[in-house]
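Enquirer: As you go down the protein sequences, you meet chains C and V in turn. The opening residue of the first sequence carries number 1 in this note's numbering; numbering runs sequentially from there. The opening residue of the second sequence carries number 1 in this note's numbering; numbering runs sequentially from there.
No wet-lab data here; the hints were simulated from the structure. Be aware that a few hints might be false.
Because identical chains share one entry, a pair is satisfied inside a single copy or across any pair of copies.
As the list claims (entries may be wrong) - No farther apart than 30 Å at their CA atoms in a straight line, the calculated lysine-lysine pairs in the DSS-like style are these:
| no. | residue 1 | residue 2 |
| --- | --- | --- |
| 1 | Lys17 | Lys168 |
| 2 | Lys17 | Lys223 |
| 3 | Lys223 | Lys168 |
Here the structure is a predicted model, which means the values were calculated and not measured.
Single-letter residue listing:
Number of protein chains: 2
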Amino acid sequence: MKIDPDSTADFSAQIAKAIRDAIVSGDLLVDQRLPSEAELADQFDVSRPTVREALKRLAAQSLIRTQRGATGGAFVNRLRFEEAYDQQVTTSTLLLSMNSVSFDVACEARYALERACAPLAAQRRTPDQLATMRAEIHRQSQPGLTDEAFCASDVTLHRALVDGAGNKVLSYQLAGAVEAMQPLMNMITFTARSREVIVALHTDLADALEAGDAARTDETLLKLESYTRELAHSVVTARAAKAKHQQEAKKAKPKERKTV
Amino acid sequence: MKIDPDSTADFSAQIAKAIRDAIVSGDLLVDQRLPSEAELADQFDVSRPTVREALKRLAAQSLIRTQRGATGGAFVNRLRFEEAYDQQVTTSTLLLSMNSVSFDVACEARYALERACAPLAAQRRTPDQLATMRAEIHRQSQPGLTDEAFCASDVTLHRALVDGAGNKVLSYQLAGAVEAMQPLMNMITFTARSREVIVALHTDLADALEAGDAARTDETLLKLESYTRELAHSVVTARAAKAKHQQEAKKAKPKERKTV
DNA sequence: AGACATTAATATGTATGACAAATGAAAATT
DNA sequence: AATTTTCATTTGTCATACATATTAATGTCT
Numbered sequence: 001m002k003i004d005p006d007s008t009a010d011f012s013a014q015i016a017k018a019i020r021d022a023i024v025s026g027d028l029l030v031d032q033r034l035p036s037e038a039e040l041a042d043q044f045d046v047s048r049p050t051v052r053e054a055l056k057r058l059a060a061q062s063l064i065r066t067q068r069g070a071t072g073g074a075f076v077n078r079l080r081f082e083e084a085y086d087q088q089v090t091t092s093t094l095l096l097s098m099n100s101v102s103f104d105v106a107c108e109a110r111y112a113l114e115r116a117c118a119p120l121a122a123q124r125r126t127p128d129q130l131a132t133m134r135a136e137i138h139r140q141s142q143p144g145l146t147d148e149a150f151c152a153s154d155v156t157l158h159r160a161l162v163d164g165a166g167n168k169v170l171s172y173q174l175a176g177a178v179e180a181m182q183p184l185m186n187m188i189t190f191t192a193r194s195r196e197v198i199v200a201l202h203t204d205l206a207d208a209l210e211a212g213d214a215a216r217t218d219e220t221l222l223k224l225e226s227y228t229r230e231l232a233h234s235v236v237t238a239r240a241a242k243a244k245h246q247q248e249a250k251k252a253k254p255k256e257r258k259t260v
Numbered sequence: 001m002k003i004d005p006d007s008t009a010d011f012s013a014q015i016a017k018a019i020r021d022a023i024v025s026g027d028l029l030v031d032q033r034l035p036s037e038a039e040l041a042d043q044f045d046v047s048r049p050t051v052r053e054a055l056k057r058l059a060a061q062s063l064i065r066t067q068r069g070a071t072g073g074a075f076v077n078r079l080r081f082e083e084a085y086d087q088q089v090t091t092s093t094l095l096l097s098m099n100s101v102s103f104d105v106a107c108e109a110r111y112a113l114e115r116a117c118a119p120l121a122a123q124r125r126t127p128d129q130l131a132t133m134r135a136e137i138h139r140q141s142q143p144g145l146t147d148e149a150f151c152a153s154d155v156t157l158h159r160a161l162v163d164g165a166g167n168k169v170l171s172y173q174l175a176g177a178v179e180a181m182q183p184l185m186n187m188i189t190f191t192a193r194s195r196e197v198i199v200a201l202h203t204d205l206a207d208a209l210e211a212g213d214a215a216r217t218d219e220t221l222l223k224l225e226s227y228t229r230e231l232a233h234s235v236v237t238a239r240a241a242k243a244k245h246q247q248e249a250k251k252a253k254p255k256e257r258k259t260v
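Can you make the complete structure from the sequences, with help from the hints?
Expert: Given below as structure tokens:
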């Protein structure tokens with residue numbers, strides 16, 4: 001194992017890549033122990049801090065875990081779905097917030113993916129998952145609920161729907177899409193009227209799933225999607241109108257400064 | 001900013017988490033410069049190597065980028081879809097290979113997701129994307145193609161289908177699902193007959209997309225899924241039969257050792 | 001004055017050496 | 001035989017130094 005001193009990349013990045021490739025290619029197996037930091041430093045002909053930086057990079061991706069002590073060291077980590085979830089969610093959340101993804105695009109993606117689960121969920125959803133959905137629907141109908149709590153409950157309900165498909169890979173792939181939407185959803189102010197509509201649709205959704213009716217599930221999701229987009233749109237136009245109003249007021253009395 | 005010396009987690013992990021939270025919460029904005037390593041070391045009351053390990057963790061997740069020189073430092077990185085793709089693909093690939101996910105489960109997830117794109121793609125696919133699909137279909141009909149090249153072409157074709165939905169979020173979410181399947185697909189040996197069938201189905205798929213026929217696109221994808229699963233199943237049973245045969249042969253002549 | 005070379009300052013990248021702390025295995029003791 | 005002690009190994013952390021890249025300021029020459 002050697003690295004290229006002329007490469008533009010850092011040594012630690014090159015070393016991390018070399019080890020990562022070895023893991024992905026199956027050269028290093030799960031739970032297998034890597035050489036100690038000192039040995040790696042020898043092999044790659046770099047210092048120990050440099051090796052450590054490389055190992056921390058891999059640890060950040062959950063590719064290895066480290067253990068102190070006599071029989072310790074760095075071990076190839078069995079990547080679990082739960083760990084992968086978390087990374088997916090943060091990555092997806094940042095992707096949406098940093099790339100000015102419109103609400104419509106994100107919403108379309110989310111419901112397209114959920115609808116992909118619908119037929120499977122109608123067929124396989126467990127009583128437990130159905131109960132989770134009913135419980136969340138009940139919570140959503142409570143009057144005192146904050147908008148954030150309402151959105152969080154919405155995410156839980158939709159996660160139950162996705163998990164209802166009984167396919168771990170599907171659940172994993174959709175976790176990001178569903179949860180990453182939450183910050184965008186949180187920007188919506190839910191009126192009593194809109195909550196009522198959403199709860200009704202959620203109830204339809206649970207009913208359709210309980211009946212094992214894939215077509216009705218799909219229809220309900222379509223309705224939910226269009227209603228959600230309507231809601232978001234009305235929020236956006238309301239904000240724009242408000243901003244315009246404030247701007248005109250400012251023009252009329254230019255002497256007044258911000259009192260925020 | 002302070003860290004907990006009594007925590008079980010490494011200092012570098014704690015510092016990475018603190019900075020990551022600041023980025024995710026919007027406390028640190030895109031392209032904003034972090035304090036220098038020396039300043040961070042002061043603020044967190046740790047040494048510079050420890051700060052560097054934390055920064056390398058964040059760099060591994062593409063959350064920051066670093067630049068050398070007088071005006072250099074660590075900057076909050078705008079997470080691009082392309083970078084996120086790569087991480088998604090490696091993560092998904094490892095998830096599948098390390099958790100003994102069955103071909104059926106992965107295949108089901110993949111086609112469920114692709115079918116979610118189908119109606120959108122039928123409506124929006126660009127001529128360019130259609131041309132890509134046609135070109136790959138043509139390549140797949142070449143006789144000299146290796147199995148690996150055939151699978152790679154398959155991935156390219158399906159990526160074009162997914163991208164045809166014209167939704168970046170959707171494309172990103174599905175990149176992992178589609179590409180992560182390739183190693184599993186590579187295990188299939190394609191006979192001339194099976195390639196013929198697949199190419200025919202791919203042609204149907206392109207035709208349906210060209211006609212903007214969502215229903216036919218969906219049907220074709222369903223056929224492709226069931227055929228793919230049939231193929232995989234036949235491979236598995238063939239292997240099992242072969243293994244059984246070899247085992248019996250071994251039993252008959254126990255003196256023979258492995259000659260591999 | 002303007003163009004170019006020099007220097008200095010700042011930051012990351014890397015190396016060296018040291019010590020602390022955790023951990024398990026071997027050795028010593030009861 | 002069971003328990004305690006010792007010890008070797010390995011990661012975690014620190015301090016310091018130097019190399020290198022990059023920019024800004026400075027100086028020099030035409």
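Enquirer: Under a CA distance limit of 30 Å, which applies to Lys17 and Lys168: within one copy, between copies, both, or neither?
Expert: both (28 Å within a copy, 27 Å between copies)
Enquirer: Cα distance capped at 30 Å. Does Lys17 pair with Lys223 within a copy, between copies, both, or neither?
Expert: Classified as neither; 46 Å inside a copy, 39 Å across copies.
Enquirer: I want to check one pair: Lys223 and Lys168. Are their C-alpha atoms no more than 30 Å apart within a copy, between two copies, both, or neither?
Expert: both (26 Å within a copy, 23 Å between copies)
Hint 2 from the earlier list is the only one contradicted by this structure; the remaining hints agree with it.
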